[in-house]
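K.L.:
Based on these hints, arrange chain B on the given structure of chain A.
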Amino acid sequence: MKGRVYKFAGVALVLYSLIYGLLTSIPELPIIEQSIRNLFYHVSMWFTMVAMMAGSFGNAIAYLSKENLQRDTRSVSLAEVGMLFAGLGLVTGMMWAKFTWGAWWTNDPKLNGSAITVLIYLAYFVLRNAMDDERKRARISAVYNIFAFVMMIVFIGILPRMTDSLHPGNGGNPGFNSYDLDNRLRMVFYPAVLGWILIGTWIASLRYRIRKLQA
Amino acid sequence: MRNRIASALALLPFGAFAQNESIMYSEGKIYVVIAVISLIFLGLAGYLVKLDRSIKKLENEK
Chain A
168 MKGRVYKFAG
178 VALVLYSLIY
188 GLLTSIPELP
198 IIEQSIRNLF
208 YHVSMWFTMV
218 AMMAGSFGNA
228 IAYLSKENLQ
238 RDTRSVSLAE
248 VGMLFAGLGL
258 VTGMMWAKFT
268 WGAWWTNDPK
278 LNGSAITVLI
288 YLAYFVLRNA
298 MDDERKRARI
308 SAVYNIFAFV
318 MMIVFIGILP
328 RMTDSLHPGN
338 GGNPGFNSYD
348 LDNRLRMVFY
358 PAVLGWILIG
368 TWIASLRYRI
378 RKLQA
Chain B
198 MRNRIASALA
208 LLPFGAFAQN
218 ESIMYSEGKI
228 YVVIAVISLI
238 FLGLAGYLVK
248 LDRSIKKLEN
258 EK
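Those protein sequences? They're chains A and B, same order as listed.
Quick note on the working numbering: the first sequence kicks off at 168 and runs consecutively.
Quick note on the working numbering: the second sequence kicks off at 198 and runs consecutively.
Take these hints with a grain of salt, some might be off.
If the Cβ cut is set under 8 Å, some of the chain A residues that face chain B in the computed set are [stated by the list, open to error]:
1. Val-178
2. Val-181
3. Leu-185
4. Ile-186
5. Ile-193
6. Ile-307
7. Trp-369
8. Ile-370
9. Leu-373
10. Arg-376
11. Ile-377
12. Leu-380
Because the hints were derived from the structure by calculation, they are not lab data.
Heads up, the beta-carbon is just placed ideally off N, CA and C, and yes, glycines get one too.
This is chain A alone, in the form it adopts within the complex (with noise of 0.2 Å):
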């Protein structure tokens, strides 16, 4: 029944924000016009990539400290829903971009910081599939998934931060808060976050579920 709860919240949460982002009045802009409603569904891709990826980091950092191998399990489940999540902000974000700023991709650090996070973390597949033995691919991805989670963070917290970019949150580019996270969007936007990270949570329990049955 515990179990349960959070699961429930996650949809409940998630169905919120799909029904009432489509209601809510939203701040009038040019150019973002009625897209601005896709803060409520892209933006919460990334938010839930980036919960999935702490989660994988903790529990690599978990491992190595008592090297238990159900952390590794567990941190190797997390970072494939993160990359879900990843390939889904990364394809909406397009569609966003296309209009409005008229191109599917531009060279801007935020989109190609993330681009190379995405390819950051698959090496980290790679890598795992490349070992047999257990302790050593649950160690040596361990430490190769701290040092992704240390680069995701520098490749789309911090460098987007210090150049000019298209994308709100960075450079000379004010963030949504800024000037229009309003109340409005902000009671869509956290549950929206919130419900996101529960889902991706329940769909990272069964990916650790069925390694566990599988070994």
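P.N.:
Just chain B, lined up with the frame of chain A:
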């Protein structure tokens, strides 16, 4: 249990919307889109529940 959920889902569109049909036609029919999105999402969530149960069954067998 499964049958009850299925019949509840089947009744939902007709039962709920018959009384409030005018709502579905208002605001440029945005509520129709909301209904479609919600159904898709609930379908996916239901699929996750099903996966969860079948994994649980495997775990109990083990």
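K.L.:
For each hint, tell me whether it holds in the structure or not.
P.N.:
Cross-check of the supplied hints:
1. Val-178: Since the shortest Cβ distance to chain B is 5 Å, the answer is holds.
2. Val-181: Given a least distance of 7 Å, the restraint on Val-181 of chain A holds.
3. Leu-185: It holds, given that the least Cβ distance between Leu-185 of chain A and chain B is near 5 Å, below 8 Å.
4. Ile-186: Ile-186 of chain A check passes; min Cβ-Cβ to chain B is 5 Å, inside 8 Å.
5. Ile-193: 13 Å, violated
6. Ile-307: 28 Å, violated
7. Trp-369: 6 Å, holds
8. Ile-370: 7 Å, holds
9. Leu-373: 6 Å, holds
10. Arg-376: This interface hint holds because 5 Å falls under the 8 Å limit.
11. Ile-377: Holds: closest Cβ of chain B sits about 6 Å from Ile-377 of chain A, inside 8 Å.
12. Leu-380: Check passed: Cβ of Leu-380 of chain A comes within 5 Å of chain B, closer than 8 Å.
Against the hints set out earlier in the document, violations occur for numbers 5 and 6.
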